[in-house]
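Numbering (this note's numbering), first residue to last: 102 to 273.
These are computed hints drawn from the structure, not numbers from a lab. Please note that the accuracy of each hint is not assured.
[What the hints assert, rightly or not] Derived DSSO-like pairs (lysine-lysine); straight-line CA-CA distance at most 30 angstroms:
| id | residue 1 | residue 2 |
| --- | --- | --- |
| 1 | Lys137 | Lys223 |
| 2 | Lys177 | Lys133 |
| 3 | Lys137 | Lys222 |
| 4 | Lys177 | Lys141 |
| 5 | Lys222 | Lys130 |
| 6 | Lys223 | Lys133 |
| 7 | Lys223 | Lys141 |
| 8 | Lys223 | Lys130 |
| 9 | Lys177 | Lys223 |
| 10 | Lys177 | Lys130 |
| 11 | Lys141 | Lys130 |
| 12 | Lys222 | Lys177 |
| 13 | Lys222 | Lys141 |
| 14 | Lys141 | Lys215 |
| 15 | Lys177 | Lys137 |
| 16 | Lys133 | Lys222 |
| 17 | Lys215 | Lys137 |
Here the structure is a predicted model, which means the values were calculated and not measured.
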Amino acid sequence: SAPLVGPARSGRPAQVEARVPGKARTPTKEEKLFLKIALKNGLLERRQVQEILEGLSDGEADAIAFIRERGWLDGKRIRQVEEAITARRVARIDQIYARILRDRGLVDTETLRKALSVQRKKRYTVRLGEMLVNARLIAMSDHADALRELLERLEDHRRRPQERKTRRRKVE
102 SAPLVGPARS GRPAQVEARV PGKARTPTKE EKLFLKIALK NGLLERRQVQ
152 EILEGLSDGE ADAIAFIRER GWLDGKRIRQ VEEAITARRV ARIDQIYARI
202 LRDRGLVDTE TLRKALSVQR KKRYTVRLGE MLVNARLIAM SDHADALREL
252 LERLEDHRRR PQERKTRRRK VE
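Construct all of the structure, not just a fragment, from the sequences and the given hints.
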C-alpha cells in the first residue's frame with residue numbers, strides 16, 4: 102500500500118494530557134495530528150473527525166479508542182497513520198540536522214537534497230546522518246558534533262514556549 106502523507110509541521114513530541122474517562126477535554130497534539138493525517142489520506146471523513154472531537158468534549162477518553170469502537174479504522178490503518186506521524190518527525194528533525202551540516206560547510210546543498218530524496222524513497226527508515234557517515238561524506242566526529250547541536254536546538258525550542266509563559270506571568 103502507498104505510504105501515508107502527513108502535514109509538514111514541527112517534529113516535536115506531543116504533550117500528553119491526563120485522560121480521565123467521563124471528563125470533557127480537548128484533543129492532545131498527538132490526537133490532532135493523527136486526525137489530520139487520517140483525514141488528509143481519506144481514511145476518515147470530516148463528519149467522523151467532528152464526531153470524534155465532540156466525543157472527546159463529551160468525555161471520551163481516547164480518540165483512537167473512539168475510532169476503533171466505531172470500526173472506522175482497523176489496527177493496520179491505525180499503525181499506518183502512526184508510521185506517517187513518525188516519518189514526519191524523522192523528516193523534520195533530519196531537515197534541521199541537514200541545515201546544521203550545511204551551515205558548518207560539511208556537506209553541500211545538492212548532496213543533502215539527494216540524500217534527503219533517498220531517505221524519502223526509503224520511507225524514512227534510515228536516518229540522514231547514518232547515510233552520510235556510511236557513504237563517508239562526513240566523519241563520525243562531525244556527525245556527533247552536529248547531533249549535539251541538533252539536541253541543543255531542539256531543547257531550546259522546547260524550552261522557549263515555557264519561558265515565554267513564565268515571563269508573561271511575572272509581567273502581569
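Structure-based check of all given hints:
At most 30 angstroms may separate the alpha-carbon atoms for a hinted pair to count; Lys137 and Lys223 meet this at roughly 23 angstroms. Under the criterion of a C-alpha separation no larger than 30 angstroms, the hint pairing Lys177 with Lys133 is consistent with the structure, at around 19 angstroms. The straight-line distance between the Cα atoms of Lys137 and Lys222 is roughly 22 angstroms, inside the 30 angstroms bound, and the hint therefore holds. Restraint check for Lys177 and Lys141: satisfied, since their Cα atoms lie roughly 17 angstroms apart, inside the 30 angstroms limit.
Among the hinted pairs, Lys222 with Lys130 is consistent with the structure: their alpha-carbon atoms are about 27 angstroms apart, no more than 30 angstroms. Of the supplied pair hints, the one linking Lys223 and Lys133 holds, its CA atoms being roughly 26 angstroms apart against a limit of 30 angstroms. Among the hinted pairs, Lys223 with Lys141 is consistent with the structure: their alpha-carbon atoms are about 21 angstroms apart, no more than 30 angstroms. Distance check on the hinted pair: Lys223 and Lys130 sit about 27 angstroms apart at the alpha-carbon level, within 30 angstroms; holds.
For the hint pairing Lys177 with Lys223, the CA-to-CA distance comes to about 20 angstroms; that is within 30 angstroms, so the pair holds. Taken as a hint, the Lys177 and Lys130 pair is honoured in the structure, with Cα atoms around 22 angstroms apart against an allowance of 30 angstroms. Between the alpha carbons of Lys141 and Lys130 the distance comes to roughly 16 angstroms, so the proposed pair stays at or under 30 angstroms and holds. Distance check on the hinted pair: Lys222 and Lys177 sit about 21 angstroms apart at the alpha-carbon level, within 30 angstroms; holds.
A hinted pair counts as satisfied when its Cα atoms are at most 30 angstroms apart, and Lys222 with Lys141 qualifies at roughly 20 angstroms. Among the hinted pairs, Lys141 with Lys215 is consistent with the structure: their alpha-carbon atoms are about 27 angstroms apart, no more than 30 angstroms. Distance restraint check for Lys177 and Lys137: the Cα-Cα separation of roughly 17 angstroms lies within the 30 angstroms cut-off, and the hinted pair is therefore satisfied. Among the hinted pairs, Lys133 with Lys222 is consistent with the structure: their alpha-carbon atoms are about 26 angstroms apart, no more than 30 angstroms.
Proximity of Lys215 to Lys137 is assessed by CA-CA distance (about 28 angstroms); at most 30 angstroms being required, the pair is judged to hold.
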